[in-house]
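Participant: Input sequences plus hints: build the corresponding full structure.
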Amino acid sequence: MDTPVLKKKLGLKERYAAMTRGLHWDTTYQPMDKVFPYDKYEGIKIHDWDKWEDPFRLTMDAYWKYQGEKEKKLYAVIDAFAQNNGQLGVTDARYINALKVFLTGVTPLEYNAHRLFAHVGRQFTGTGARVACQMQSIDELRHYQTETHALSHYNKYFNGMHSPKHMNDRVWYLSVPKSYFEDACTSGPFEFLTAVSFSFEYLLTNLLFVPFMSGAAHNGDMSTVTFGFSAQSDESRHMTLGIECLKFMLEQDPDNVPIVQGWIDKWFWRGYRLLSIVAMMQDYMLPKRVMSWREGWEMYIEQNGESLFRDLARYGIRKPKGWVQACEGKNHISHQTYAVFYSYGAAAAFHTWVPEEEEMAWLSEKYPETFEKYYLPRWNYWREQAKNGNRFYQKTLPMLCQTCQIPMIFTEPGDATKIAYRESDYQGDKYHFCSDHCKEIFDNEPEKYVQAWLPVHQIYQGNCFKPGVDPTKEGFDPLLAVFDYYNFKVGRDNLDFEGSEDQKNFAAWRGDSVQGAKK
Amino acid sequence: MSVVALKPYAFPAKDVRENFPAPLLFIGWEDHLMFGTPVALPLPPDTPFGALGTAVLPGTYGYHPDFAKIDWTKVEWFKSGKPWKPDPAKSLADNGLKHKDVIRFRTPGLSGINGSCN
Ligand SMILES: [Fe+2]
Ligand SMILES: [Fe+2]
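So the protein lines, in turn, are chains Z and R.
Residue numbering for the first sequence follows the numbering used here, starting at 1 and increasing by one per position.
Residue numbering for the second sequence follows the numbering used here, starting at 1001 and increasing by one per position.
Just so you know, these hints were derived from the structure itself, not from any lab.
Some clues are possibly wrong.
Stated by the list, open to error - Which bits of chain R does chain Z cover? Going by a derived footprint, with three or more residues having C-beta under 8 Å, they are: (1) 1003–1013; (2) 1030–1036; (3) 1047–1054; (4) 1070–1076; (5) 1102–1115.
All C-beta atoms, glycine included, are put in the ideal place defined by N, C-alpha and C.
Facilitator: Okay, structure coming up:
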C-alpha cells in the first residue's frame, strides 16, 4: 500500500515546467559554450538563468489549440469579406494605398521576425528565453501568413500589391524597414531582443497598431480589423517578453546597464525613424482620420514612456538619448515624409495625392504651430500646378541617410526651415546622416554601416537592372529599367491617385462618378 | 568604438569611388523645402562647376518659380556646411570636390514661395 500512485495528469504548473525548462539538459560531449556560442560575446553577464521570468506561461500544445481556434474565426471573416465584396465598402479607394504600404513595408518584416526569433530561440543558454523566442517565432510566421491572406483579396482589385516580397528586397523606400531588421538580425541575441522586443514591441508598437487597426475600422476594412484582433493577444505576449528580457538583463549584473542603455538609445531612434512612414499614413492616407500622429505620440510615448522610464530609473536606465528630438519631431515628420513621397510619386508603388480642402483644415487644426507655417505653402502651390497639368514629380534621386536610409528630409532641431546635415569621415570616405543620433549610431559601429545597401547608390552603381539589361543601348531609360527591376507596372502602380486605374475602377464598381468616389 | 563580434570583423565598404561610374555629388538648395531632400548625382570630375547651374540643376530644380530668377554670380555656396567659394570656370575636381562631398547653395533674395522656404 506504500507504492506511490502515479498521477495520470500533471498539474498546470508541473506540466508547464515539464514542457519548457524540463526540456533542457546541460551538454557533456561538448562544452556548453561551444553549443551556445552567441549569448556571451556581447558582454551581457548572466549569472542565473533560472531567474528568467517566463513571460508567456504557455505550453506548445495549449498554444496550437488556442491559435487554431483564433485562426478559424479569422479565416471565416476573411472568407465572408471576399464573398460580400468587402473591398467596395471601404471609405474610398485612396485608403487602399495605406494597405499597400503595409503589405510591402510591414508584412515582410513579420517573416523576417519569424526567422530571427527562430535564430535567437536556438542561441540562448537559458531554456525559458529559448521557449519564449520559439513561440514568438511561430507567432510571426502566422502574422506573415494571415496578413498576406487578409490583404490578398485586395490584390485582385487594386494595383501595386502583386509583389510584396520582391519589392521589399529592392524598392528604395522599403530598404528603410528592411535595413532596420537586418541591423537587428546581425546583432547578438540580447541586442536583438532589446531592439525588437523592447524598443519596438514594448515601447513603440502601439503607434503602429492603433492607427492601423482603428484606421481600418474607421475606413470600413473589416478584414484588416479582424486580423488586428487576432494578432493582438500575440502582441501582448511579445510586449511582455520585451520588458521581461530587459529587466532580466538589468537585474543580473550592474555591468549590463551601460550596454543595455546604449542599445536603448540606438533602437529607440531606429524605431522612431522607421515609424515616419506610419506617421504619414495616419495623417495623410486614411480618408477618415482616427487621431493625428502627434496625438498618438503624446498618448503612447510621452505619457506611457514617462512612467516606464521612471520605473526603469531604479536600474540606472534613463530615457533614450533621442527622446527630446523625437518629441519635437511629432509636429513635423508626417508632413515631411508624405511630401517627399508626393514628390517621388512616380517612383512609388502606391498612389499619392494633394490633400483635399477639409483635410488641410484638419491638418491645420491638429498641427496649429507647424502645418500652415511650414507645409501648407507647398501644398497650395502643388495643387495649383496639378490643376494646370503640371503635377510635381521629382526625377533626381534623393540623398539618403547612411543609417536609417531615409532621404534627408528631416530638419534641424529648433529650425524647421533647414534640413539637418551631419557627416562623418571614415576610411577616406564621407558618410552622411539625417540627425545627430543616426550619426552616433554609425560612429559606434562604422564597420557595420559602411556595408549598407543604399538603394540610390545601388542604382547609380548599375546594380538595379534586371539581368541582361544593356545600359549602353540606344534610348536606354535607366529609371524605367529600375522600375522594371522593382516589378512596378508603370502607369498603374505609381503616379497620382487622381486619374489612376484604382480610382476609375472603384468609382465604376460603386456606380459613382469619379468625382463622387472621393468623398 | 567598433563592432563587438565573435570573429575578426572586416567587410568592404559598399560605396567606395571605384564602384561608381563617376563620383557622387550631393546637392541641396537652401530655403526651398518644396524639394524636401537634397539630391544625389554622379558627375564626371571634369564637369565645369559652372555647368551645375546651366546644365545639371535645371532638370532637378527647374520646377520651382525661383529657379529661373537665380543670378548664379550671387549664389552663396557651402561645402559640408561651411561657406565656400568655388570657381565656376574650373572643373568639379579642380574645385576640390571629391566622391560623396555635399554642397549646398543659397540664393539671396529668393527664399521659396512667398518667402516661406518652400
Ligand atoms: Fe508580428
Ligand atoms: Fe537617419
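Participant: State for each hint whether it applies.
Facilitator: Tested hints:
Requiring three or more residues with a Cβ within less than 8 Å of a Cβ of chain Z, the coverage given for the stretch 1003–1013 of chain R holds, as 9 such residues are present. A count of 6 residues in the stretch 1030–1036 of chain R with a Cβ less than 8 Å from any Cβ of chain Z is obtained; the coverage claim is therefore met, three being the minimum. Counting residues of the stretch 1047–1054 of chain R whose CB lies closer than 8 Å to any CB of chain Z gives 0, so the stated coverage by that chain is violated, three being the minimum. With 0 residues bearing a CB less than 8 Å from a CB of chain Z, the stretch 1070–1076 of chain R misses the requirement of three and the coverage assertion fails.
Counting residues of the stretch 1102–1115 of chain R whose beta-carbon sits less than 8 Å from any beta-carbon of chain Z gives 5, enough to reach three: the coverage restraint holds.
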